[in-house]
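Protein chains: 4
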Amino acid sequence: MKLKFGMVGGGGGFIGDVHRHAAQMDDLAILVAGCFSRDMDKSRAFAEKWNVTDLSRIYPDYQTMAAAEAARTDGIDFVTIATPNDTHYPIAKCFLEHGIHIMCDKPLALDTAQGRELAQLAKEKDLLFGVTYTYTGYAMIRQAREMIDAGEIGRITCIQGEYPQEWLAVSLVSGSSEQATWRQDPARSGASGCCADIGTHVECLIAQMTGLHPKRVIARFDSIPSDIPLETNAQIMVEFDGGVPGMIWTSQIATGHETELNVRIFGEKGSIEWSHLRPWALRVTRVNQPPQTYTNNRDYLYPAAKALCRLPSGHIEGFYEAFGNLYRGFCTNLIAKKTGGDPGTFRYPTVEDGVRGIAFVEACLQSNANHNVWVNVDAR
Amino acid sequence: MKLKFGMVGGGGGFIGDVHRHAAQMDDLAILVAGCFSRDMDKSRAFAEKWNVTDLSRIYPDYQTMAAAEAARTDGIDFVTIATPNDTHYPIAKCFLEHGIHIMCDKPLALDTAQGRELAQLAKEKDLLFGVTYTYTGYAMIRQAREMIDAGEIGRITCIQGEYPQEWLAVSLVSGSSEQATWRQDPARSGASGCCADIGTHVECLIAQMTGLHPKRVIARFDSIPSDIPLETNAQIMVEFDGGVPGMIWTSQIATGHETELNVRIFGEKGSIEWSHLRPWALRVTRVNQPPQTYTNNRDYLYPAAKALCRLPSGHIEGFYEAFGNLYRGFCTNLIAKKTGGDPGTFRYPTVEDGVRGIAFVEACLQSNANHNVWVNVDAR
Amino acid sequence: MKLKFGMVGGGGGFIGDVHRHAAQMDDLAILVAGCFSRDMDKSRAFAEKWNVTDLSRIYPDYQTMAAAEAARTDGIDFVTIATPNDTHYPIAKCFLEHGIHIMCDKPLALDTAQGRELAQLAKEKDLLFGVTYTYTGYAMIRQAREMIDAGEIGRITCIQGEYPQEWLAVSLVSGSSEQATWRQDPARSGASGCCADIGTHVECLIAQMTGLHPKRVIARFDSIPSDIPLETNAQIMVEFDGGVPGMIWTSQIATGHETELNVRIFGEKGSIEWSHLRPWALRVTRVNQPPQTYTNNRDYLYPAAKALCRLPSGHIEGFYEAFGNLYRGFCTNLIAKKTGGDPGTFRYPTVEDGVRGIAFVEACLQSNANHNVWVNVDAR
Amino acid sequence: MKLKFGMVGGGGGFIGDVHRHAAQMDDLAILVAGCFSRDMDKSRAFAEKWNVTDLSRIYPDYQTMAAAEAARTDGIDFVTIATPNDTHYPIAKCFLEHGIHIMCDKPLALDTAQGRELAQLAKEKDLLFGVTYTYTGYAMIRQAREMIDAGEIGRITCIQGEYPQEWLAVSLVSGSSEQATWRQDPARSGASGCCADIGTHVECLIAQMTGLHPKRVIARFDSIPSDIPLETNAQIMVEFDGGVPGMIWTSQIATGHETELNVRIFGEKGSIEWSHLRPWALRVTRVNQPPQTYTNNRDYLYPAAKALCRLPSGHIEGFYEAFGNLYRGFCTNLIAKKTGGDPGTFRYPTVEDGVRGIAFVEACLQSNANHNVWVNVDAR
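Chains as they are written, first to last, in my numbering: chain A, 1 to 380; chain B, 1001 to 1380; chain C, 2001 to 2380; chain D, 3001 to 3380.
Calculated directly from the structure, the hints in this document are not laboratory data.
Fair warning: there could be bad hints in the mix.
As the list claims (entries may be wrong) - Within a straight-line C-alpha distance of at most 20 Å, the following computed EDC-like cross-link-like pairs (lysine to aspartate or glutamate) qualify:
1. Lys2(A) / Asp54(A)
2. Lys1004(B) / Asp54(A)
3. Lys1269(B) / Asp3227(D)
4. Lys3269(D) / Asp86(A)
5. Lys1002(B) / Glu48(A)
6. Lys3004(D) / Asp2227(C)
7. Lys2(A) / Asp1074(B)
8. Lys3049(D) / Glu2146(C)
9. Lys4(A) / Asp1054(B)
10. Lys2(A) / Asp1054(B)
11. Lys2269(C) / Asp227(A)
12. Lys3002(D) / Asp2074(C)
13. Lys3002(D) / Asp2054(C)
14. Lys1049(B) / Asp26(A)
15. Lys2042(C) / Asp3027(D)
16. Lys2049(C) / Asp3041(D)
17. Lys93(A) / Glu117(A)
18. Lys2269(C) / Asp1299(B)
19. Lys49(A) / Asp1074(B)
20. Lys3269(D) / Asp1227(B)
21. Lys1042(B) / Asp27(A)
22. Lys269(A) / Asp2227(C)
23. Lys269(A) / Glu3352(D)
24. Lys1049(B) / Glu239(A)
25. Lys3125(D) / Glu3352(D)
26. Lys2002(C) / Asp3041(D)
27. Lys4(A) / Glu1048(B)
28. Lys42(A) / Asp1027(B)
29. Lys1049(B) / Asp74(A)
What the hints assert, rightly or not - Only part of the chain D face toward chain B is listed, based on derived beta-carbon distances under 10 Å:
30. Ile3218
31. Asp3241
32. Phe3266
33. Ser3271
34. Ile3272
35. Ala3281
36. Val3284
37. Val3373
Beta carbons: idealized from backbone N, C-alpha and C, even for Gly.
Using the sequences and the hints, build the whole thing.
Okay, here's the thing in structure tokens:
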């Protein structure tokens, strides 16, 4: 079966196109409805561009869309939410109330109260709710998890994560500050800048790789340059489940680093390291042995990791394809739910992961505001 | 305008899906017809999967498809040929004769006679004819060309290219010899193995980066292991236009190298180096200066290179997206041709490039058969 | 002039040989006396091996050596102290009291009280006192400092340092725990393990590169595995002079990392990054420009950095040569002091740097013991 | 026992110091005599600098030195020849005739006739004769050989070597053409430039790693820029013993590459790759397995390779130390010869390797002069 889906937002930047390609990549879903922009003409132009042929399914607002699609016998199976951060919560709530499954950009919401309400609603309504933490879609992330679950590196002893970016420094110099504007606006982005925007990617990636979540944090936020409203540099000491020590650094002013998400996981028997600079590779070292480099789509991978690869090894799958793997996880689970079939091995981050992300940021904000003391992450 | 296209083949491997995604990636074309398999049931299944809704445009053979589509007022604008190598020539010829533009997998044909006939036919009929040398679609390849054309590295003095792969060694060990079977069958692949399959990628990539073509070659082919029919390792000394010296090595038994196409170009004022291990990067060195690493989608790139990037810098675009850039070049040129508009800066390798590739292989075969003497590349 | 020097210790491990080669590398000094071991026979054997011809200058203990050499008209100009950590203080004190200049292994002493006493004594006696923080001897560290002092990366905004090692994990697995034994013995190593042993290298390297020192720290120490006496993993949040935020991570159980000291320095106009994996290279990025890789002995380096290189660029100078540069700094300054000549541009870490290192560790210990609160580094 | 040695030359550049440090590094030899320069004052100044105390053993010319040292009962055990290339032959001949063992810079001589005469003479006189092909001294080169001899990568199928440098391009731009002058003077360097200077390093390194020697070659030499006398770029197709195909590229105008000697060896069961960019590492890949990175001084190395390491793994040993390993091989063998003891596992390239290098260059010159036909390497 092929799922039908709609999209809210996505007409304003590159991410709408990413969602569309990703959702349709493995022919598990087709875009049939949407409210791509507040401007109906623009929305219809996107419909034409994106092969949505029935223009009656292009809506002026998300409320109308949710109601109309819920009322159709051939209504959408799920909706993709690709709007600015501050609108995720009301839109998601609306579609949940109409019984429609959800794939939503991160952050899930602006605070944990909103997030938990959505999680609770999804549970009550028995609806799937995915959150698109892109990097978790890389095959090697799954390989890491399979290896760790199988005990290949033993008990985890230390975790180092980081996500330096340089775009804000570049924006300030080049004057192309469009992104800077909204990402640095507390009203639209929430109370945290860098930590919410990319620190949560590190937190979620570590969780997907290890199964471990932050239990408490010490965080220091800096606004660099100092006249910028939200933090652009965040340094976080983390204690993960089981008392495992870790550090996370994220920055938007780290000149020389474009999108450099790196995670290093150490265990009693070995280590596993992943870098977004070469996302198809995993550096694996057993104690007292030479480091090895595992790569995409090789026979020696765990089947659940190999299944995430579409191309022969050495042929690069990137951002779109990692995003596609999130949709593959969401869609195969949704189809299994609808058909009673086997959901298989594909996964996706859920609304619970979304809540954890917000709780992590809230604990960091609180620690930063209180002279960098330990603050528990309230991830109910 | 959005072009309509059909596909012949593509139902048997991963490459059909690559073509479909690549052609539709930038919303310049939509798949509406096809003969995806010789088995009509399979073909129809692919139609459904690939959102081709009018099943009357699924055809039992390419001849029927060419005739029928040419007869329709809303017939396809171009056809994609994604069949085994030995069938490219008759299929392309048939569609050209019906006045349909063409995007064809490499190699264009099995010998230069066939290739030249197709080139001549395309010229007579005034039809566009692209050949999908994937790697030429990476933005950094265009950046290299723009820099070289602007004289940034001065007159070219030396070119080193290589494309080691290991898949055949892996196949032999793991017993998964499906690809090995047809790629090592002279009847289906032609008289050359490794050189035709991947050596031509190096040759074409160098030509796209520099504008220089092989003038003559000394080639040595080895079948490793020795009981294999076609060469799996090819070492080639090349003299490019203007007497520029170069070397090309390609191998399918180079354990430790998955798909490692590397080109290094030296000039009197500097050098430019590209590796498929990090295709979004270009290593640029001016004489007596520190090496620099240029990357995708940065402001300092030439506009024609930057235009090939879809994602913020640091977000990885890979094989699908490079392939998409070939279609972007082909489609924008075709649309410009049809509308009389500006074709813009996007490019694609043409039937002439395809002929050059075959001529290169033929010269190598001849050199190898004649004790490795110099043989001119006949690239009329 | 060529300086005469003696050595205390050095007969028990590889470091004695390192000192000897390093001190003599540039023909500024010659070894003429020593107490290489507590066993006179061993000590004399080393004398023979190391070309010390006058065996009357081989001494049974350091006190005798200090007194005897001080009494000679041709006595040693300086002494190298290459003994276990817990003996540095009394030995250094003894030689200072006899008016002999000193090069001492790090750590300078076991606590700041001892360290300050030595610093004070050196000052009173007007004696040079170097501490061999090896990594600071690499030419690229000096290049970084020159660039930063010249304002090339603007005001510093963030500093990330780390020094993961794996040797302790390897020792535990392989059973070769000799080093583990003494490095994990509080009586011989002091109250801190990993932080004192290698964290101080990071602290000192950052200071040499930037001129900035830790003002306060939050530190978390972990003993991994848990039955080991001293910490083997240290995570430190640092506030440097001027409020610059930073993080330091050091570990001895970081499987896959042999000796991987990395420092990344970010400024308002660019960044400078150095890794011990390629110590002859410096990664330099100006905001909105491609990263560059500066390397040893190139004309574009600052003269003070280029002067530290002995071999043509591309020829690797490693640990011995970096160590040699410390002695080059110490000896040229000592010769200048003795001759009234120009000391030139070579530098070396001093007793003050040694005190700072101990103060840093003490602050970390205190923070770790107090629930990871901020503790000021008392670096008078 | 500690050997006594003298040096001819070495006062004019950095290489004299390299020899001295390397020969004395492991305390197997001590410099006691020399003719460091044709100017006796300069020679005596070097003696003082280099701790040669008996100035009566500083000689005005090599003939006098050979005669005098041969006549002494405590005369030198061996002589190091570190003079310009065109003088190696007469000097070596003279010392051999006086019964003195030899360590000589490469190239051994200017033609094979000279080289063979030296080899013959050494044999007749039963004298050790080493040639300092530096790169062969790296521990990982020995590890490669041990692995290959043990059959770890199976029968060798293909060898790729290269040695690009950029110094000549830099010299021409920066005007610092001192080296360029003599290296481009046929009277002093011989008939070949780049191939003799660095191509022989590749040839010898491959031989040391694999035991295979070039059987025949096709070579193309280019002088870039064209007004330079000797070739600065050499491209060579090689057939090694047993018909193994290979390619070698060397260049002195390869902008962006300082001293980048790389060798990749492929076998039926795996591959071994070494790069001078990280000489302490070896990339090892078994067919169908992830690549591994072996490093210096680890327990998993072969004992003969591990024995070549002096520092804990991760601490960089570079050019001096590799050079030191050649002397370690030469000296341990010479001591064993003198004492009748066990020579142990250390090795060094010999006069026969030196002859092979010249024969290789001569074959390349002949191929280049004859339209790039195959020419046998006459390595009797």
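Against the structure, the hints:
{"no.": "1", "hint": "Lys2(A) / Asp54(A)", "verdict": "holds (17 Å)"}
{"no.": "2", "hint": "Lys1004(B) / Asp54(A)", "verdict": "holds (19 Å)"}
{"no.": "3", "hint": "Lys1269(B) / Asp3227(D)", "verdict": "holds (16 Å)"}
{"no.": "4", "hint": "Lys3269(D) / Asp86(A)", "verdict": "violated (57 Å)"}
{"no.": "5", "hint": "Lys1002(B) / Glu48(A)", "verdict": "holds (10 Å)"}
{"no.": "6", "hint": "Lys3004(D) / Asp2227(C)", "verdict": "violated (52 Å)"}
{"no.": "7", "hint": "Lys2(A) / Asp1074(B)", "verdict": "violated (27 Å)"}
{"no.": "8", "hint": "Lys3049(D) / Glu2146(C)", "verdict": "violated (31 Å)"}
{"no.": "9", "hint": "Lys4(A) / Asp1054(B)", "verdict": "holds (19 Å)"}
{"no.": "10", "hint": "Lys2(A) / Asp1054(B)", "verdict": "holds (17 Å)"}
{"no.": "11", "hint": "Lys2269(C) / Asp227(A)", "verdict": "holds (16 Å)"}
{"no.": "12", "hint": "Lys3002(D) / Asp2074(C)", "verdict": "violated (27 Å)"}
{"no.": "13", "hint": "Lys3002(D) / Asp2054(C)", "verdict": "holds (17 Å)"}
{"no.": "14", "hint": "Lys1049(B) / Asp26(A)", "verdict": "holds (9 Å)"}
{"no.": "15", "hint": "Lys2042(C) / Asp3027(D)", "verdict": "holds (16 Å)"}
{"no.": "16", "hint": "Lys2049(C) / Asp3041(D)", "verdict": "violated (30 Å)"}
{"no.": "17", "hint": "Lys93(A) / Glu117(A)", "verdict": "holds (8 Å)"}
{"no.": "18", "hint": "Lys2269(C) / Asp1299(B)", "verdict": "holds (17 Å)"}
{"no.": "19", "hint": "Lys49(A) / Asp1074(B)", "verdict": "holds (18 Å)"}
{"no.": "20", "hint": "Lys3269(D) / Asp1227(B)", "verdict": "holds (16 Å)"}
{"no.": "21", "hint": "Lys1042(B) / Asp27(A)", "verdict": "holds (16 Å)"}
{"no.": "22", "hint": "Lys269(A) / Asp2227(C)", "verdict": "holds (16 Å)"}
{"no.": "23", "hint": "Lys269(A) / Glu3352(D)", "verdict": "violated (48 Å)"}
{"no.": "24", "hint": "Lys1049(B) / Glu239(A)", "verdict": "violated (47 Å)"}
{"no.": "25", "hint": "Lys3125(D) / Glu3352(D)", "verdict": "holds (15 Å)"}
{"no.": "26", "hint": "Lys2002(C) / Asp3041(D)", "verdict": "holds (18 Å)"}
{"no.": "27", "hint": "Lys4(A) / Glu1048(B)", "verdict": "holds (14 Å)"}
{"no.": "28", "hint": "Lys42(A) / Asp1027(B)", "verdict": "holds (16 Å)"}
{"no.": "29", "hint": "Lys1049(B) / Asp74(A)", "verdict": "holds (18 Å)"}
{"no.": "30", "hint": "Ile3218", "verdict": "holds (6 Å)"}
{"no.": "31", "hint": "Asp3241", "verdict": "violated (15 Å)"}
{"no.": "32", "hint": "Phe3266", "verdict": "holds (6 Å)"}
{"no.": "33", "hint": "Ser3271", "verdict": "holds (4 Å)"}
{"no.": "34", "hint": "Ile3272", "verdict": "holds (9 Å)"}
{"no.": "35", "hint": "Ala3281", "verdict": "violated (13 Å)"}
{"no.": "36", "hint": "Val3284", "verdict": "holds (8 Å)"}
{"no.": "37", "hint": "Val3373", "verdict": "holds (7 Å)"}
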